[in-house]
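Q: Okay, here's what each chain looks like letter by letter:
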Amino acid sequence: MEGRGANGISRELWATRIGLVLAMAGNAVGLGNFLRFPAQAARFGGGAFIIPYLCALLLLAMPLMWVEWAMGRFGGARGHGTTPAIFSMSWKHPIAKYIGVLGVFLPTTIGIYYVYVESWTLAYAFFSIKGSYFGILEHGKMAEFFGSFLGNGFKEGIGLYKTAYIFFIITITINVMIMYRGIARGIEILAKVAMPLLFLFAVVLVVRVFTIGTPDPVGQPTWNVINGLGFLWNPDLSRLKESKVWLAAAGQVFFTLSIGFGAIQCYASYLREKDDIALTGLSTAATNEFAEIILGSCIAIPIAFAFFGPEMTTKIAEGGSFDIGFYAMPIIFQKIPLGQIFGGLWFGLLFFAGITSSVALAQPGITFLQDELKLSRERAVLFFWGFIFISVQLVIFGNGVIGEMDYWAGTFGIAFFGLAEIIIFMWIFGSKNAWDEINRGAQIKIPRFYRYVMTYVTPLAAFALLATWTLQEFWKKLTLKDAKPEQIKWLWATRGLMLVTFLILVWLVTISERLKKKESRQ
Amino acid sequence: MTTAGWTLLIISWGAVVTLNVFCIRKMIKLDTQKKD
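Which chain is which? The protein sequence lines are S and Z, in order. First residue of the first sequence: 1, per my numbering; consecutive thereafter. First residue of the second sequence: 1, per my numbering; consecutive thereafter.
By construction, these hints were calculated from the structure, which means they are not laboratory data. Where hints are given, some of them may not hold.
Unchecked claim - In silico lysine-lysine, DSBU-like type, Cα no more than 35 Å apart, as pairs: (1) S:K432 / Z:K34; (2) S:K130 / Z:K34; (3) S:K162 / S:K192; (4) S:K374 / S:K192; (5) S:K432 / Z:K26; (6) S:K517 / Z:K29; (7) S:K481 / S:K315; (8) S:K374 / Z:K29; (9) Z:K29 / S:K274; (10) S:K141 / S:K477; (11) S:K315 / S:K445; (12) S:K481 / S:K162; (13) S:K517 / S:K274; (14) S:K489 / S:K477; (15) S:K274 / Z:K34; (16) S:K315 / Z:K26; (17) S:K484 / S:K244; (18) S:K92 / S:K516; (19) S:K192 / Z:K35; (20) Z:K35 / S:K432; (21) S:K432 / Z:K29; (22) S:K374 / Z:K26; (23) S:K192 / Z:K34; (24) Z:K26 / S:K192; (25) S:K445 / Z:K35; (26) Z:K34 / S:K484.
Next comes chain S alone, as it looks inside the complex (with noise of 0.2 Å):
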């Protein structure tokens, strides 16, 4: 589907307003939701870990939100969807777009390892349905059969690799096929079958959490699923007075609705330039939040409370994501009956979550080589899709390359992205430019003082983030003071990519200029 922008450019659009929401939904709607959220709050205060997440939500993430959906609306109509092009628009200055090649680099090495990642949840898809971890029962062993997936260290050779390897393939090649066919064909059926699975899978999931009661009635009563909600959500209100709890809510605000990727002002730019998006905007971020606060808290946490009790809970939450997602719940499944069918629920629910992100993911990259270098949606795809096969060759054979991508990129770099474009848009655009931007078309009536949050309060919280994240850990991820010594070689390498991605994207920016040039010229 096509349609004219603001300079009669044509350009492909969204075929539907629901596709449109879910594909926005698909896009935050992460790995995260399910697995980071439950653990987040389980250890940075249970209950009241939501007051400061509810305020960051709407102080942060949603006036951000709706800037990058505004900003990407804007660029769309004029024939462009990243941030290099959308950033010198909005600021007459040459570094704008060098700033806005962050948009591309950002979305894109987050993409070269979430790829990765996704591939596992559908290898574990396929091993609960097998049933080739029953028997596992023990939360080291279930730890030692993940390593051995993943194939435990390059010089064990490549053998070990190939199941994970195999699964790898079969997801590239899915997430492919999907942008082959380009936004309405592609991502917006994709976006349109997998998300409705996504929620009732979630669904039939928390259903059989709350209908487990109390596994071992005699020998642990306590241990039960709402005393597992308990532990999630009762507060620990003087938890409030550390400023890492509230931190930690800012960041997980940012990562749940996927701000500073890159990725909003991508899809938005299929937009038309009437569109709405004040109502979209809220009705994805809504979705998002409803596979969050209320599916992400119902499912992991209070199940393995109940499993394993308050003590190894509280280690499972500081374990982390991955600790929630391949070591506890596999143990779990093997517990319940038809646990090989939930496993497989489970599983598959974190892959369509992953597989809507990473197309979002993915589009930047492919809307730049479109849009600034002319490239048809198939070449650009295959170009985008290439490069990312290659990239993940060092995460898949490398050590400690996930940990440190996500630093740079999916925790410093959407920080300083994020207060870039509140910068830029709201300061340099100018606040009324921006805020008559935002109310374009808009189906609902956004209040005024979201205008002074905009222009005041949401770039002061981002600075502040930005700040506590660069002094926290910056130096000490930049001199590699934590790092176990086999891993720096790969860290290096890791940085390498990095650097190298980032000048291809300046170089291929530099070309787009002297091609724009030319076209004036004839």
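Dock chain Z against the given chain S, drawing on the hints supplied.
A: Here is chain Z on its own, set in the frame of chain S:
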């Protein structure tokens, strides 16, 4: 599960459900008007 836990859960879930219902109803209403 303490009373404070239930209170926070009900408020949060209530807010999320209300927001979703508001968005869905509004979109359906506007899209129906558009078709007419």
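Q: Can you confirm whether the C-alpha distance between K29 (chain Z) and K274 (chain S) stays at or below 35 Å?
A: holds (18 Å)
Q: Can the restraint linking K489 (chain S) and K477 (chain S) be considered satisfied, given a maximum Cα separation of 35 Å?
A: holds (14 Å)
Q: Check the hint pairing K374 (chain S) with K26 (chain Z) against an upper bound of 35 Å on the C-alpha distance.
A: violated (39 Å)
Q: Taken at face value, is the distance from the CA of K34 (chain Z) to the CA of K274 (chain S) at most 35 Å?
A: holds (14 Å)
Q: Do the alpha carbons of K315 (chain S) and K445 (chain S) lie within 35 Å of each other, as the hint requires?
A: violated (45 Å)
Q: Does the alpha-carbon distance linking K481 (chain S) and K162 (chain S) stay inside the 35 Å limit?
A: The given pair, whose Cα atoms are some 33 Å apart, holds under the 35 Å limit.
Q: Given the hinted pair K130 (chain S) and K34 (chain Z), is their alpha-carbon gap at most 35 Å?
A: violated (49 Å)
Q: Hinted pair, alpha-carbon criterion (35 Å max): K315 (chain S), K26 (chain Z). Please report holds or violated.
A: violated (43 Å)
Q: Check the hint pairing K517 (chain S) with K29 (chain Z) against an upper bound of 35 Å on the C-alpha distance.
A: violated (46 Å)
Q: K481 (chain S) and K315 (chain S) were given as a pair; does the straight-line alpha-carbon distance stay at or below 35 Å?
A: The hint holds at about 25 Å.
Q: Taken at face value, is the distance from the CA of K244 (chain S) to the CA of K484 (chain S) at most 35 Å?
A: The hint holds at about 25 Å.
Q: Hinted pair, alpha-carbon criterion (35 Å max): K517 (chain S), K274 (chain S). Please report holds or violated.
A: holds (29 Å)
This entry does not satisfy hints 2, 6, 8, 11, 16, 22, 26, going by the numbered hints stated previously.
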